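Dock chain X against chain D, hints included.
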Amino acid sequence: MDLSLIVLVVIVAALAFDFTNGFHDTANAMATSIATGALRPKVAVTISAVLNLIGAFLSVEVAKTISGGIVDDAKITPVVVFAGLVGAILWNLLTWLFGLPSSSSHALFGGLIGATWVASGADAVRFGKVVEKVLVPAVASPLVAGLIAVVGTYLVYRITAKVRQDVVSTSFKRAQVLSASMVSLAHGTNDAQKTMGVITLTLISSGALAAGSGPPLWVVLSAGIAIALGTYMGGWRIIHTMGRKITDVQTPQGFAAEAGAAATILASSHLGFALSTTHVCSGGVIGSGVGRRLAEVRWSVAGRMAVAWLLTLPAAAAVGAVAAEVATLGTLGTVVVGLVLVAAALGIWLWSRRNPVTPESMAEAEPESESEQPVPIAA
Amino acid sequence: MHIEWAALGSVFVTALAAVVVVTGLFALGVRAVAARDDARESGGTGTAGAVTAGVCFTACAVVVAFGIYLIVAA
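Sequence lines, in order, name chains D and X.
Positions in the first sequence are counted from 1; adding 210 to them yields the working numbering.
Positions in the second sequence are counted from 1; adding 312 to them yields the working numbering.
Please keep in mind that the hints were generated in silico from the structure rather than gathered at the bench.
Treat the numbers as computed from the prediction; the structure is a model and nothing was measured.
Please note that the accuracy of each hint is not assured.
[Stated by the list, open to error] DMTMM-like mimics (lysine to aspartate or glutamate), calculated; alpha carbons at most 20 Å apart, straight line:
#: 1; chain 1: D; residue 1: Lys383; chain 2: X; residue 2: Asp349
#: 2; chain 1: D; residue 1: Lys343; chain 2: D; residue 2: Asp333
#: 3; chain 1: D; residue 1: Lys339; chain 2: D; residue 2: Asp282
#: 4; chain 1: D; residue 1: Lys455; chain 2: D; residue 2: Glu506
#: 5; chain 1: D; residue 1: Lys285; chain 2: D; residue 2: Glu535
#: 6; chain 1: D; residue 1: Lys383; chain 2: D; residue 2: Asp458
#: 7; chain 1: D; residue 1: Lys339; chain 2: X; residue 2: Asp349
#: 8; chain 1: D; residue 1: Lys372; chain 2: X; residue 2: Asp350
#: 9; chain 1: D; residue 1: Lys455; chain 2: D; residue 2: Glu570
#: 10; chain 1: D; residue 1: Lys372; chain 2: D; residue 2: Asp283
#: 11; chain 1: D; residue 1: Lys343; chain 2: X; residue 2: Glu353
#: 12; chain 1: D; residue 1: Lys372; chain 2: X; residue 2: Glu353
#: 13; chain 1: D; residue 1: Lys252; chain 2: D; residue 2: Glu506
#: 14; chain 1: D; residue 1: Lys252; chain 2: D; residue 2: Asp283
#: 15; chain 1: D; residue 1: Lys372; chain 2: X; residue 2: Asp349
#: 16; chain 1: D; residue 1: Lys343; chain 2: D; residue 2: Asp283
#: 17; chain 1: D; residue 1: Lys339; chain 2: D; residue 2: Asp376
[Stated by the list, open to error] Calculated Cβ distances over 12 Å to all of chain X for the following chain D residues:
#: 18; residue: Val346
#: 19; residue: Ala359
#: 20; residue: Ala396
#: 21; residue: Ala421
#: 22; residue: Ile475
#: 23; residue: Leu485
#: 24; residue: Ala505
#: 25; residue: Ser510
#: 26; residue: Pro569
#: 27; residue: Ser571
Note that the Cβ used here is the ideal one computed from N, Cα and C, for glycine as well.
Here chain D stands alone, though its shape is the one from the complex:
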C-alpha cells in the first residue's frame, strides 16, 4: 500500500480527533455513575474504555459514510478532510476546557462543512441535509431522552417510595453499573465509526483502497484504540459538569437517566434516526432531575450547554474554513495548519493546568451522596 504524506497526516489527525472524541464523551456514560459513587472514577473510565473498544468492533455500519450526505463526498480531498478535522479537534478541546459537553459529531460535521465550503464552494454543501441530519436531531435528542428520563425517574421513585431505602440504594448502585456499561457500548458502536469512516474514505480517495471497500482491520483497531485511550484519560472537566453541576444525581436517577439514554441511542441507531449521544445523555440527566420531586435542575448550566450546542457546528465550520483556506495553498500551507493545531492544542492543555479538574474533584462533594436517602414521593 502506497501512502502519500497527506494521507498519513489525515490518518494522524483523524486518530487525534478520535482521542478527543473519547475523552469528551466519557462523561456521557460515566458521569452519573461516578457522581453517585456507584463506580470509583478509575474503574468507571476503565470499563468505559474497554466497552468502547469492543463496541468499535461490533458494527461498521456508520463507517460507510463520513458525512451522511451533508457534503458532496465526491468533492472531498484529503486536504479538505484534514482541515475539517482541525476544526473539529480545536472545538472539542475548547469546549473541554470550559467543561461543556458538546457533540463531537457536530464538531466533525461542522469542520467538514466549513472546509468543503471554502475548497469546493457552497454548492458542495447540502443545507437541506444539514437541517435534517444535524439541526432537527439536535433539538429532538435532548427532548426525547429528557422526557423518557422524566418518566423513568418518576416511575422508579414512585414504585420504591415506601420500601426500605438501604435495599433501594444498593440495588440501584448495581443497576447503574450495568446501565452505564450499556451506554458505553452503544457509544463505541457509534462514535469510533466516524473516525474509521474518515480514514477509509481518505484511503479510497487516494487510491490505496478500492472504491466501496469497508475499513481494513488496522483502521478499525487503531480507531478503537484511540477512542478507548481518550475515554480512559477521562474528560474530568465535562464529567464534573454532567455529574455534579446540572443536578444532584442519586442512584435511582442515574439509573433512569442512563437507561433512558441507552434505550434512545439504541432505538435511534436501529430505526435510522441519527441522534447525538452527547445530547441524548445530557437530556437524560436533566430529565432525571425534573422527574425527581424536589431535585433542583440548574437551568443556567443547562442553558450554557445549549448555547455551546448551537455554536458547535458554526464554530467548527469557521475553524475548518480557515484551515482549508490555508491548507489548500499547498504543502507548506498544510504543514502550517498542522503546526498551528499542535501549538493550539498544547496551549489549551497548558491553560487547563492552571485550573485542573481531576478524579479527586469529583469526590469533593461525596459526603452528601454517601448519606443520601431518596426523597420519597407522596403516593
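Showing chain X alone in chain D's frame:
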C-alpha cells in the same frame, strides 16, 4: 428539507416503552427484595418476595440482552 416525523416518533415510542418496562420491572424487583428482607427479619421465609424479585430481574435481563443483540446485529 425533509423531517422524518415517523422515524422520530417511533424512536420516542420504542425508547419510552423500553425504559418504562426496564425501570418499572427493576423497581418492582427492588421492592420485592425489600419485602423479602422485611419478611426474613420478622421471622418469615420471604420466598414470595425472592421469587417475584427473580422474575422481575430476569425479565429485565432479557430486555437488556435484546438491546445488546440489536447493537451487535445492526
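We went through each hint and held it up to the structure:
For the proposed pair Lys383 of chain D and Asp349 of chain X, the alpha carbon gap of about 18 Å is at most 20 Å, so the pair holds. The hinted pair formed by Lys343 of chain D and Asp333 of chain D meets the criterion: a straight-line CA distance of about 18 Å does not exceed 20 Å. The suggested pairing of Lys339 of chain D with Asp282 of chain D holds, with an alpha-carbon distance near 11 Å, which does not exceed 20 Å. For the proposed pair Lys455 of chain D and Glu506 of chain D, the alpha carbon gap of about 10 Å is at most 20 Å, so the pair holds.
For a cut-off of 20 Å, the pair hint linking Lys285 of chain D to Glu535 of chain D stands: about 15 Å separates their Cα positions. With a CA separation close to 15 Å, the supplied pair Lys383 of chain D and Asp458 of chain D stays within the 20 Å bound. For the proposed pair Lys339 of chain D and Asp349 of chain X, the alpha carbon gap of about 56 Å is over 20 Å, so the pair is violated. With a C-alpha separation of about 12 Å, the suggested pairing of Lys372 of chain D with Asp350 of chain X holds against the 20 Å cut-off.
As the CA atoms of Lys455 of chain D and Glu570 of chain D are separated by approximately 15 Å, the hinted pair is consistent with the 20 Å bound. The straight-line distance between the Cα atoms of Lys372 of chain D and Asp283 of chain D is roughly 58 Å, outside the 20 Å bound, and the hint therefore fails. Pair hint Lys343 of chain D plus Glu353 of chain X does not hold up; C-alpha atoms about 56 Å apart against a cutoff of 20 Å. The suggested pairing of Lys372 of chain D with Glu353 of chain X holds, with an alpha-carbon distance near 17 Å, which does not exceed 20 Å.
With a C-alpha separation of about 28 Å, the suggested pair Lys252 of chain D and Glu506 of chain D falls outside the 20 Å cut-off, and the hint is violated. Our distance criterion of 20 Å between C-alpha atoms is broken by Lys252 of chain D and Asp283 of chain D, whose separation comes to about 40 Å. Distance hint between Lys372 of chain D and Asp349 of chain X is fulfilled; the C-alpha atoms sit about 14 Å from each other, no more than 20 Å. The hinted pair formed by Lys343 of chain D and Asp283 of chain D meets the criterion: a straight-line CA distance of about 16 Å does not exceed 20 Å.
For the suggested pair Lys339 of chain D and Asp376 of chain D, the alpha carbons sit about 50 Å apart, so the restraint of at most 20 Å is broken. Its beta-carbon lying about 5 Å from the closest one in chain X, Val346 of chain D breaks the requirement of being farther than 12 Å from that chain. With a minimum CB-CB distance of about 8 Å to chain X, Ala359 of chain D fails to clear the 12 Å threshold, and the non-interface call is violated. With a minimum CB-CB distance of about 6 Å to chain X, Ala396 of chain D fails to clear the 12 Å threshold, and the non-interface call is violated.
The Cβ of Ala421 of chain D sits about 24 Å from the closest Cβ of chain X, beyond the 12 Å cut-off, so the non-interface label holds. Distance check for Ile475 of chain D against chain X: the nearest CB is about 9 Å away, which does not clear 12 Å, and the non-interface claim fails. Distance to chain X contradicts Leu485 of chain D as a non-interface residue, since its nearest Cβ pair spans about 7 Å, not more than 12 Å. Every beta carbon of chain X lies more than 12 Å from that of Ala505 of chain D, the smallest distance being close to 16 Å; the non-interface claim holds.
Against chain X, the non-interface label of Ser510 of chain D holds: every CB pair exceeds 12 Å, the least being about 28 Å. The claim that Pro569 of chain D is not at the interface with chain X holds, since no C-beta of that chain comes within 12 Å of its own (minimum 28 Å). Distance check on Ser571 of chain D: its Cβ is at least 30 Å (rounded) from any Cβ of chain X, clearing the 12 Å threshold; non-interface status holds.
The earlier numbered hints that this structure contradicts are 7, 10, 11, 13, 14, 17, 18, 19, 20, 22, 23.
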